[in-house]
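Asker: Protein chains in written order, with our numbering: chain F, 3 to 197; chain S, 32 to 388.
The hints are simulated quantities; they were obtained by calculation from the structure and are not laboratory data.
Computed from a prediction, not measured in an experiment: that's the story for all the values here.
Keep in mind that the hints are not guaranteed to be accurate.
Taking beta-carbon pairs under 10 Å as the criterion, some of the chain F residues facing chain S (in silico) [claimed, not checked]: (1) Leu37; (2) Gly43; (3) His50; (4) Thr57.
We treat Cβ as the ideally placed atom computed from N, Cα and C, and that holds for glycine.
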Amino acid sequence: MMTKYFLKSRMSLQLTNRAKPVDRRPMNWLERLYLWNIAKGMAITLKHFFSKKVTVQYPEQTRSFSKVFRGLHILNRDEEGRERCTACGLCAVACPAEAITMEAAERKEDEVHLYREEKYAARYEINMLRCIFCGYCEEACPKDAIYLSQTFTPANYQRKGFIYKKEDLLIPNPLTDKEAYEKALGTIKAKNQKV
Amino acid sequence: MFLLAIDWSLILEKLILIALIIVLCMIVAMYATYAERKIAAFIQDRHGPNRAGPFGLLQPLADGGKLFFKEEIIPLASSKFLFVLGPMLAMITALITSAVIPWGTSAMIAGKTVPLQVADINVGVLYIFAVVSMGVYGIMIGAWASNNKFSLLAGIRGASQMISYELAMGLSLIAILMISGSLQMSEIVNQQRGGALGDFMSWNIWKQPLGFLIFFICALAECNRTPFDLPEAENELNMGYHQEYSSMKLGFYLFAEYINMFMSGVLMATLFWGGYDIPFVNESKLAESIGHNWVAFLSFSMLMIKACISIFIFVWIRWTVPRFRFDQLMHLGWKRLVPLALLNMLITAAIVLWLNK
């Protein structure tokens with residue numbers, strides 16, 4: 003009687019409908035023999051033996067990310083392969099982790115095909131150990147120059163390997179390496195469509 | 032001068048056979064570790080080792096190579112001679128069980144009949160008992176020589192466990208001996224082949240199902256396999272008796288465990304499942320059509336298949352059943368298995384007596 007009442011009061015507190023009341027009956031003869039229960043347990047493990055494996059075989063297969071995943075940064079170029087960044091420093095200001103460092107320089111006459119604006123970033127570094135991948139730089143950028151891609155930080159043996167230079171961050175040139183450019187851009191496009 | 036007339040061809044034959052069997056044991060033990068990892072992974076919904084070679088088949092080689100190149104540490108406070116002796120004993124006792132096992136029907140090489148058995152002694156079962164009970168020394172000596180409290184506890188546990196379960200094991204075997212009336216392994220196998228009831232119906236398992244169950248449980252305990260792996264209980268004793276061991280000495284202990292597993296599989300097949308007998312096949316008739324050596328090979332393969340099935344079951348049990356508490360272990364051994372084995376023995380004795388009257 004008491005247990006019944008107890009069970010009922012528990013039921014009213016139920017948070018999910020997966021809860022099962024615990025069976026506290028004394029073991030019967032078959033259960034006390036232990037062998038039968040081992041056989042039942044072995045049936046369960048045998049079922050798992052043939053079941054589908056959940057492992058993602060990492061280097062060959064990768065898990066798909068959501069469209070808004072924030073991975074490593076990309077410095078964007080325009081259609082003519084010119085760097086979009088004008089070294090305004092808004093990303094560095096927006097960065098809560100102070101991971102971005104840059105140095106500006108003025109574009110020369112013969113560099114028009116390299117840089118879109120009159121001022122460009124001569125040096126642009128992101129310290130990936132400081133970066134928290136919040137995406138504020140992406141939001142702050144007025145020139146569509148910086149994006150967070152869908153690749154994530156690879157491992158490195160040394161700390162200095164995590165300070166990414168401009169060469170590491172720049173998207174491939176669409177004029178010389180169209181395929182790689184489209185590949186890198188594809189993820190950004192998909193991301194922008196979602197947003 | 033002819034007092035020592037030695038048949039050198041016999042010695043050569045036996046030496047080759049011994050070498051082959053040792054190599055076989057090693058390979059089986061190697062791939063038993065692979066099977067263990069693979070089966071464990073599959074049971075836990077994982078893939079297991081799959082990087083070294085196709086399906087990870089070279090994994091045992093990689094493991095062995097790793098163990099060989101590990102630094103060898105002998106603790107300062109250990110008893111050095113015994114510390115080295117421990118893994119050697121474990122390995123030797125695991126291997127010499129194979130001497131009396133009939134591995135298949137005899138082969139014909141150069142017009143000579145070569146039995147696939149190293150020593151067909153007439154006290155085969157007794158010999159196996161002697162060797163199995165020596166197996167405890169490897170663990171005990173290694174554990175004591177390590178001069179480590181966990182190892183010592185493990186050694187004590189191992190010794191008491193093995194002694195307790197040997198009793199029930201012996202009693203369950205006595206029933207087999209009553210049926211066969213012989214201690215000779217080849218004779219026990221021969222009696223299980225053919226017979227009036229049809230080929231595989233004369234296997235001892237049909238006459239001694241309870242005896243087999245007891246023997247199987249005791250074999251698990253003798254091999255220190257879960258649920259009886261108290262001597263190496265990882266979460267209580269930090270790997271127990273091989274805690275202080277490193278490099279290939281540790282490898283020897285681990286290998287010895289898998290060889291023991293293989294050996295008990297072969298032993299169970301030999302004593303209860305008809306040995307190398309191929310079910311539904313009359314071997315002597317087959318030998319006339321495809322030749323003696325092929326039948327020897329097939330019968331040997333049959334024994335291997337039977338042993339592999341029992342290795343699979345051993346591993347399957349390991350990844351299903353949790354470890355016993357020590358008092359539960361002793362309770363099961365002394366209060367359940369020994370009386371049960373005695374009862375089985377008495378019933379068998381009564382039936383044998385009644386049938387022979």
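Asker: Of the numbered hints stated previously, which ones are contradicted by the structure, given in increasing order?
Answerer: none
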